[in-house]
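Residues per chain are reported as follows:
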Amino acid sequence: MNANADPLAVGGGAPPKRARRRSPDRAFRYYMIAPAVFVILLIGLFPVIYTALKSVQNVNMFDMDTSYQGFIHYKALMSDTRFWLALAHTLIFVVVALPAELALGLAMAYLFVDRMPGRPVFVTLLVLPVLVSPIVAGATWRLMLDNRYGPINQILGWIAGEEVTLLWLVDPNLVYPAIIIAEIWQWTPFMFLLLWAALSNVDQSQVEAAELDGASWWRTFRLVVLPAIWPVVAIAVLIRALDLFRLFDVIWALTKGGPGTMTETISIYAYVLGFQQFETSYTAAMAFVIIVLLAVTVTIVLRRIEIDR
Amino acid sequence: MSQLEITGLRKHYGSFEALKGIDLSVPEGEFCVFVGPSGCGKSTLLRTIAGLEESSHGTIAIDGEVVNDLRPRDRNIAMVFQNYALYPYLSVFENIAFGLRARRVADAEVNRRVGEAAEMLGITPLLDRQPRQLSGGQRQRVAIGRAVVRDARLFLFDEPLSNLDAQLRDGMRAEIKRLHGEIGKTTIYVTHDQIEAMTLADRIVLLREGRIEQEGAPLDMFERPRTRFVAGFLGSPQMNFLPVEAGADGLVLADGQRLPRPLNASGATGSLVLGVRPEHFSRAGEPVAGEGRLDILVDLVQPTGTRTYAQFRVGAQEVTAELPAHSVEAPGARLALAVDMARVSLFDADGIALR
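Taken in order, these protein sequences are the chains called H and P.
Counted from 1, the first sequence has number 211 at position 211 by the numbering used here; the numbering is strictly sequential.
Take any residue in the second sequence, note its place counting from 1, add 1000, and you have its number in the numbering used here.
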């Protein structure tokens, strides 16, 4: 047990008497949290280790070879263009949907930060999409976007004044917008809720002071509001970035990664390989690479947030 | 020329009327204090002048220009907030410079003016600090610095001292008064503390339930309150209010004792209220004809060091008299008190002073 881990420790030269008197106490604390730590390690760390273990073996549909094979799958992965494409598709979703959700969520949060009649009702309605299971949301959007019976084409038809038969889920130019719209629809409310809570906590008198000081809206936002909501924004972006990186349900419901592999994300590729083609070890290698990638990103981001505070 | 001119100002929040028709004009350079109990509308009035609240009716004019439709930032008003409202993520320097930078003042000019303001407030060594590293008094100074650095037309203070401890408050109060003397800007200061109002103001505006109850010079209002409410609000300890039956030959108190009619009162008779400030009681010497005199039984003694407060009852009414230290040592003493009948007030049943 490391003395530095004790937040109450004062310097290094604490009198031994006090240390001895306190130590049973401290041990007791650790006993108390031990079961929880054990469970977390079991459900968190074990799958990672198991994945890493499988990735250096050669298990697939035909072979249960559990002998050490070295890094053959990692090597294969590096030259797997479908993997790199899937990674690129994933990044497209992150890079397009995330800023859109952030901007829309922030705009909605600003809209609802002032008290107004009916606010609770509107907020509840706006938050409904988050409550829907993603796979259900995906299925709903597939119906909405159906080229013949879907209301989207019908509404566009009313606007255009002629029949519209856009092939939302097949046309290479439309699949990305379709998926991104569905994703934004479902998850903007999540951003909205977090940012709304953060905005409501901004000291109103600071905003008023800035206003009296002659600051423009943008200047007030940049120097007064944004620093105050920054930790929440960072966490919200992080959560949503991770979610988007693992994007699966909506795409699976809408296109199953198609047409071809055009909208195939890392998660979909891994699912197809692992649970349809049973390339267990290869998939494990892929999963492990992704885990390491994300773990490093999250660590860096969290450290940045910590520093900024 | 009047610098701030308010006419017929009303403010509704839904069906609640916070300001019920305010007419006020504040001349150039005056230190005007809005005072009143909480909920009287003084903060609302201040925020409406600043433009942080919209008025429902009436006009606000600064230097003859009607500012009702101007945004707060276009009104060129500086305000010090109760909780200081410093920008927590900017240094003290940048806090003070914020308004100048927003108006795109050149760097050299910003440095000069922030330096001057900091010098005036004695916060030069703090300029590099963050607001969270400052004590309450220091934050208050920075907040004031942020206001004085700008060449604003009007200074507004919203209960700026209420978050400070008592000792610091006295110091800052003196400093604000000194600062106003130096800068000479028209200042509007909101407080619920009558001592602050009395000590700082050129003019007090006493508000009650969204209306101006009385306005005037502090001592004038103190000595000649127009209503019982004003009389009770200004002065500490509070003025004593004694129900009396007024006849042609004098006033009969609830316990049957008699006082002569006050010299300044009109000839009203019937059930009235006599207002006597604690300091207008004194130990009575030999009885003199026509003198106000009360025989009392002291039931509580509160020495403050310089003065001693003696409490007694007249009928059911608890009365406080402020006497020299050591003039009464313990409860149970029987005293004769003289009442300075030249300085008492008489109020009718509606609480209006009789003159």
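Hints in this document: simulated from the structure, not taken from any laboratory.
Computed from a prediction, not measured in an experiment: that's the story for all the values here.
Just to be clear, a hint being listed does not mean it is correct.
Unchecked claim - Label pairs and their computed distance ranges (CB to CB):
| id | chain 1 | residue 1 | chain 2 | residue 2 | range |
| --- | --- | --- | --- | --- | --- |
| 1 | P | 1013 | H | 91 | 49 to 55 Å |
| 2 | H | 292 | P | 1070 | 26 to 32 Å |
| 3 | P | 1012 | H | 305 | 42 to 48 Å |
| 4 | H | 216 | P | 1013 | 25 to 31 Å |
| 5 | H | 85 | P | 1014 | 58 to 64 Å |
| 6 | H | 292 | P | 1107 | 33 to 39 Å |
| 7 | P | 1167 | H | 306 | 37 to 43 Å |
| 8 | P | 1336 | H | 204 | 32 to 38 Å |
| 9 | P | 1107 | H | 305 | 52 to 58 Å |
| 10 | H | 66 | P | 1130 | 56 to 62 Å |
| 11 | H | 292 | P | 1130 | 36 to 42 Å |
| 12 | P | 1133 | H | 81 | 38 to 44 Å |
| 13 | H | 246 | P | 1014 | 45 to 51 Å |
| 14 | P | 1012 | H | 37 | 56 to 62 Å |
Built from N, CA and C at the ideal position, the CB exists for glycine as well.
Here is how each hint holds up against the structure:
1. P:1013 - H:91: 49 to 55 Å: Since the Cβ atoms of residue 1013 of chain P and residue 91 of chain H sit about 50 Å apart, the hinted range of 49 to 55 Å holds.
2. H:292 - P:1070: 26 to 32 Å: Violated: the Cβ-Cβ distance is about 58 Å, outside 26 to 32 Å.
3. P:1012 - H:305: 42 to 48 Å: holds, 44 Å
4. H:216 - P:1013: 25 to 31 Å: Given about 28 Å between the Cβ atoms, the range holds.
5. H:85 - P:1014: 58 to 64 Å: holds, 59 Å
6. H:292 - P:1107: 33 to 39 Å: Violated, at about 47 Å.
7. P:1167 - H:306: 37 to 43 Å: holds, 39 Å
8. P:1336 - H:204: 32 to 38 Å: Taking Cβ atoms as reference, residue 1336 of chain P and residue 204 of chain H lie about 58 Å apart, which means the hint is violated.
9. P:1107 - H:305: 52 to 58 Å: At roughly 32 Å between Cβ atoms, residue 305 of chain H and residue 1107 of chain P fall outside 52 to 58 Å, so the hint is violated.
10. H:66 - P:1130: 56 to 62 Å: holds, 58 Å
11. H:292 - P:1130: 36 to 42 Å: holds, 38 Å
12. P:1133 - H:81: 38 to 44 Å: For residue 81 of chain H against residue 1133 of chain P, whose Cβ atoms are near 56 Å apart, the range 38 to 44 Å is violated.
13. H:246 - P:1014: 45 to 51 Å: holds, 48 Å
14. P:1012 - H:37: 56 to 62 Å: Given a distance of about 59 Å, which is inside 56 to 62 Å, the answer is holds.
Of the hints listed earlier, those the structure fails to meet are numbers 2, 6, 8, 9, 12, in rising order.
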